[in-house]
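Participant: Given next are the chains, with one letter for each unit.
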Amino acid sequence: MSLFRAAGLTAGYGPVTVLQGIDLEVNEGEIVVMLGANGAGKTTTMRAISGVIPRQGTIEFQGNSIAKSAPDQIVRAGIAQVPQGRGTFPELSVEDNLRAGAFVRRDSAGVAADIHKWFGVFPRLGERRDQRAGSLSGGEQQMVAIARALMSHPKLLLCDEPSLGLAPLITQELFEVIGNLNKEDGLSVLLVEQNANLAMHLASRVYLLETGTIVAQGSAEELSADDSIRKAYLGF
Amino acid sequence: MDLFLQRLFDGLSDGSVYALLALGIVIIYRGTGHLNFAQGEMALFCTYVVYQLGEWGIPLVPALLLGMLVGFALGVTTEVALVRPVAKKSTFAVFIVTIGLFQGLNWLDGAIWGDQVLPNSAVSKQQQFPSLFPNKATDFWNIFGAGVRIESVGIFAMVMVLTGLLFLLFNKTKVGLAMNSVASNPESARLVGIPTNRVLSFSWGLAAAIGALGGVVFAGQNHTVNMSMMFGVFIYASAAATLGGFDSPGGAVLGGLILGVIQNMVAGYADVWVGQQMKIGVAFVVIVGVLLVKPSGLFGTSKVERV
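Line by line, the protein sequences are chains A and B. Going by the numbering used here, the first sequence opens with residue 1, and the numbers climb by one from there. Going by the numbering used here, the second sequence opens with residue 1, and the numbers climb by one from there.
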């Protein structure tokens, strides 16, 4: 069943149009991976969906249009984003980062229980709960960013290049967490990646983005079978 | 010793005013990265409003609260109508807008309340600007032989209470969490659903309301309100914010107090060299000194990120 659907999504910065009208769909329980090189428009896609930049086109979430919604309404509707490159609040403590992630919620007891839960999933964050997030390692900051996004109880998680600048082992660990969330909690995920080997293992479906246009889509197997795609994006 | 204590408390009392204005500067700066050049003039406008309410027979404390409310509205309006439209262009544009506001508000004060010292005490006594605390020549406490003015102690205590309340606001409430998040990473703040525009409006309102309190306290200390009285205070407040760190509310308060004390000590003990007329030079020495030695101030964070 379709959870999220965008059609003719166009967005950019000032006079520059980056996204040239893309169609995109995430079904319930899917992990959809969007591959693309630097500058293809992956981050722009994420920011357009979250509503932090102006965008045109159809965007539907659970059957409702969110094309005109403000960022806070989109979070309330159930879409949360893990921004690119450690989008934490570096000056705030780890715990306050998670608390900020629950800004749209009103049940303080539930929020406290969730923070406790995430410190169980990421014990290293629990040990550093009072430290400033900016003082954490890259992988730990990415954990903060993921836990923070999940504090709002999203149904769709947008992950913008979680592997950026991380050691392969740490990336693998993060992807395992995302995979588990998908399997156990039925969380749907739209994951954007540049280096795609690991991401392909998770993916239910894959989109290929080039200069603001979707040039190929299909299952992970279908795209890995294509020689040119394999060479360009998978490196083998 | 007695002179020292007296100068200490006078310094803390002067410094309290700088602290209040510096708090306003810092609250706006950390939220938006903008330096509000009109902080002093916004405070002055509100002080005139309080003066006017007094003229209409409203007692000082309710008049002050109304004045702070006017300040809050003025701050919010400024952010929505003047700052937000140009903020997208550049930070420098906002700076220019606040300079324009500085002049505009000063002109407005002059148009409404006249370009003259109020009160003209030779003409009418009831135009005096009242103080929140007893401040007649006889109102002092004798502490270790020092005559410490009750007003000085009262103002200092009030600023400490306000600082405590702000500490609670910033660290224990959801509004504070939102303000800290916006200050730390505006894009991420939007991504977790914090309505950043409303947070910024609130910051401007809060800053102007605190500034209004500063203006009223300062006018009370001097028994008068006039059109140029905030010029010097704004310079001191900027120095206090520089000293404490432009993104640290606690640093702004401490910076203001330290500056007030230094300034009174220097003017008192080195009166041949500096004296009352030249003590504003102390502010410049502090600004330049801090910028040379520790540009982020005593408690400010220099932006360092691990990558």
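Source of the hints: derived by calculation from the structure; they are not laboratory data. There could be a bad hint or two in this list.
Cut-off 30 Å, straight-line C-alpha distance, at most; resulting in silico cross-link-like pairs (DSSO-like, lysine-lysine) [to be verified]:
1. B:K88 with A:K117
2. A:K155 with B:K174
3. A:K68 with B:K136
4. A:K155 with A:K117
Where chain B lies over chain A, by a calculated footprint (3+ residues, C-beta under 8 Å) [as the list claims (entries may be wrong)]:
5. 3 to 9
6. 60 to 72
7. 75 to 82
Quick reminder that beta carbons are idealized off the backbone N, C-alpha and C, glycines included.
Participant: Now tell me if each hint is right for this structure.
Facilitator: For each hint, the structure was consulted:
no.	hint	in the structure
1	B:K88 with A:K117	violated, 40 Å
2	A:K155 with B:K174	holds, 24 Å
3	A:K68 with B:K136	violated, 62 Å
4	A:K155 with A:K117	holds, 18 Å
5	3 to 9	violated (count 0)
6	60 to 72	holds (count 3)
7	75 to 82	holds (count 4)
In summary, the structure is inconsistent with hints 1, 3, 5 from the numbered list given earlier, while agreeing with the others.
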